[in-house]
Amino acid sequence: MRTKPRVVVGLSGGVDSSVAAKLLLDQGYEVIGMFMKNWHDESVTISNECPWMEDSTDAMLVAEKLGIPFQAIDLSEEYRERIVDYMFAEYEAGRTPNPDILCNREIKFDIFLKAAQKLKADFVATGHYCQKREIEVDGNPIYQLIAGADPNKDQSYFLCQLSQEQLAKALFPIGHLQKPQVREIAKAADLITAEKKDSQGLCFIGKVRLPDFLQQQLKPKKGKIIQIPENLPVFDRLSVPAGIDPVDWDQDTLDTICLPIHYSQDQGKVLGEHTGAHYFTVGQRKGLQVGGTGKPLFVIATDTQENVIYTGLGEEHPGLNRYGLFVKKNQVHWIREDLALTPGESAEYVSRIRYRQPLSKATLIMRENGLYVVFENAQKGIASGQFVAWYQGEECIGSGTIF
Numbered sequence: 552m553r554t555k556p557r558v559v560v561g562l563s564g565g566v567d568s569s570v571a572a573k574l575l576l577d578q579g580y581e582v583i584g585m586f587m588k589n590w591h592d593e594s595v596t597i598s599n600e601c602p603w604m605e606d607s608t609d610a611m612l613v614a615e616k617l618g619i620p621f622q623a624i625d626l627s628e629e630y631r632e633r634i635v636d637y638m639f640a641e642y643e644a645g646r647t648p649n650p651d652i653l654c655n656r657e658i659k660f661d662i663f664l665k666a667a668q669k670l671k672a673d674f675v676a677t678g679h680y681c682q683k684r685e686i687e688v689d690g691n692p693i694y695q696l697i698a699g700a701d702p703n704k705d706q707s708y709f710l711c712q713l714s715q716e717q718l719a720k721a722l723f724p725i726g727h728l729q730k731p732q733v734r735e736i737a738k739a740a741d742l743i744t745a746e747k748k749d750s751q752g753l754c755f756i757g758k759v760r761l762p763d764f765l766q767q768q769l770k771p772k773k774g775k776i777i778q779i780p781e782n783l784p785v786f787d788r789l790s791v792p793a794g795i796d797p798v799d800w801d802q803d804t805l806d807t808i809c810l811p812i813h814y815s816q817d818q819g820k821v822l823g824e825h826t827g828a829h830y831f832t833v834g835q836r837k838g839l840q841v842g843g844t845g846k847p848l849f850v851i852a853t854d855t856q857e858n859v860i861y862t863g864l865g866e867e868h869p870g871l872n873r874y875g876l877f878v879k880k881n882q883v884h885w886i887r888e889d890l891a892l893t894p895g896e897s898a899e900y901v902s903r904i905r906y907r908q909p910l911s912k913a914t915l916i917m918r919e920n921g922l923y924v925v926f927e928n929a930q931k932g933i934a935s936g937q938f939v940a941w942y943q944g945e946e947c948i949g950s951g952t953i954f
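The sequence shown lines up with residues 552 to 954 when you count with my numbering.
Please keep in mind that the hints were generated in silico from the structure rather than gathered at the bench. Do not take every clue at face value.
To be verified - Computed cross-link-like contacts, SDA-like style, restricted to lysine to any residue with a CA-CA straight-line distance of at most 20 Å:
1) Lys-588 with Leu-612
2) Lys-616 with Glu-605
3) Lys-669 with Gln-717
4) Lys-772 with Lys-912
5) Lys-665 with Gly-618
6) Lys-773 with Asp-701
7) Lys-931 with Lys-773
8) Lys-879 with Gln-802
9) Lys-879 with Thr-807
10) Lys-912 with Val-883
11) Lys-879 with Glu-919
12) Lys-912 with Ala-898
13) Lys-616 with Gly-579
14) Lys-669 with Glu-629
15) Lys-665 with Glu-716
16) Lys-820 with Gly-843
17) Lys-879 with Met-917
18) Lys-773 with Tyr-830
19) Lys-772 with Gln-717
20) Lys-588 with Asp-636
21) Lys-747 with Asp-701
22) Lys-720 with Glu-824
23) Lys-555 with Lys-669
24) Lys-555 with Gln-668
25) Lys-683 with Asp-889
26) Lys-730 with Lys-748
27) Lys-669 with Glu-628
Unchecked claim - Label pairs and their calculated CB-CB ranges:
28) Val-841 with Leu-783: 13 to 21 Å
29) Val-841 with Arg-557: 23 to 31 Å
30) Lys-616 with Lys-770: 43 to 51 Å
31) Tyr-906 with Gln-943: 12 to 20 Å
32) Gln-622 with Glu-781: 33 to 41 Å
All C-beta atoms in this analysis are idealised placements derived from N, C-alpha and C, irrespective of residue type, glycine included.
Assemble the whole structure, with the sequences as input and the hints as a guide.
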């Protein structure tokens with residue numbers, strides 16, 4: 552009979568997951584290392600070397616050094632179905648997906664978790680910089696997702712779609728540490744990954760040029776780049792009503808401030824050509840290849856039906872900076888189900904719309920059709936398809952896909 556709890560660690564071949572495994576061993580867990588292979592196609596990676604093979608070897612060497620069982624699992628079919636196909640579909644629809652968030656919800660804490668449970672594991676562990684705590688509410692255990700102690704590395708945003716069931720089975724052994732401490736532990740344990748650089752790019756795929764990646768399925772097609780002037784009448788309605796609490800706004804004001812603006816080609820002037828609206832995202836300034844505008848040019852909207860990119864001049868353009876966003880009812884996710892808002896209710900949280908973005912004060916207003924999020928300060932580049940996450944202090948309370 553087993554006396555120690557068994558945990559399967561997702562060994563990625565990086566220093567963070569290596570140290571996660573080492574710490575769990577020190578804490579008395581029975582540890583199994585598992586490498587997830589999620590991608591086969593090397594044709595779109597930037598470097599010549601084959602990233603997953605190198606990572607797999609490093610993961611195996613770490614397991615060997617720690618004296619733990621190791622196996623590799625091929626999840627590339629599920630990854631393609633759940634992550635890659637989703638990415639293509641979202642970009643094609645003119646939305647901006649976040650594959651890392653989906654990867655955690657759909658792969659690491661779903662398919663990988665189920666594979667671990669076949670090995671009779673009690674938990675799965677990853678090298679994420681975040682923390683988990685347990686409290687009791689009305690006699691029931693509630694799991695909290697807490698930001699990582701290293702503010703430069705906090706990855707709680709990437710886990711904002713996890714459920715109570717998933718958190719119950721998750722361990723984050725390095726979440727209380729700073730990155731330099733993690734490297735020190737790896738060095739002291741003589742792990743091959745101690746000095747290895749952090750991976751960049753899509754989760755599990757490695758370094759990928761996104762346009763090259765998208766061009767596999769989304770073919771280039773030329774279209775217009777249109778500049779929208781700052782004095783468009785629609786922008787007059789986007790300023791927040793002074794002295795009125797967002798909770799007291801009427802539906803029309805909420806919709807005007809929180810729903811995306813739809814532009815038409817006759818509202819601006821043609822500046823140049825692009826190679827496909829589906830390659831661009833709101834807030835983007837690189838890749839437009841339009842010169843002579845003085846101030847930098849930013850994408851403020853894309854229309855993939857008409858294949859048009861709408862742009863605005865300068866960082867202060869009213870089309871780039873929005874005070875609100877909307878999440879459809881079926882896209883609202885509460886990690887803390889006990890704090891879920893019902894229609895007619897509202898709450899104040901701090902919120903972010905992208906990784907590493909400083910948290911910003913926001914009022915959440917729940918209506919029958921979904922959740923309106925109104926920020927105290929305008930947010931740059933709110934893009935459909937991205938995730939908004941809201942926090943109470945360091946605890947991530949919930950998230951949703953931006954409409």
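Item checked: Hints the structure fails to honour -> Of the numbered hints given earlier, those the structure breaks are 4, 5, 6, 7, 19, 22, 29, 32, listed in rising order.
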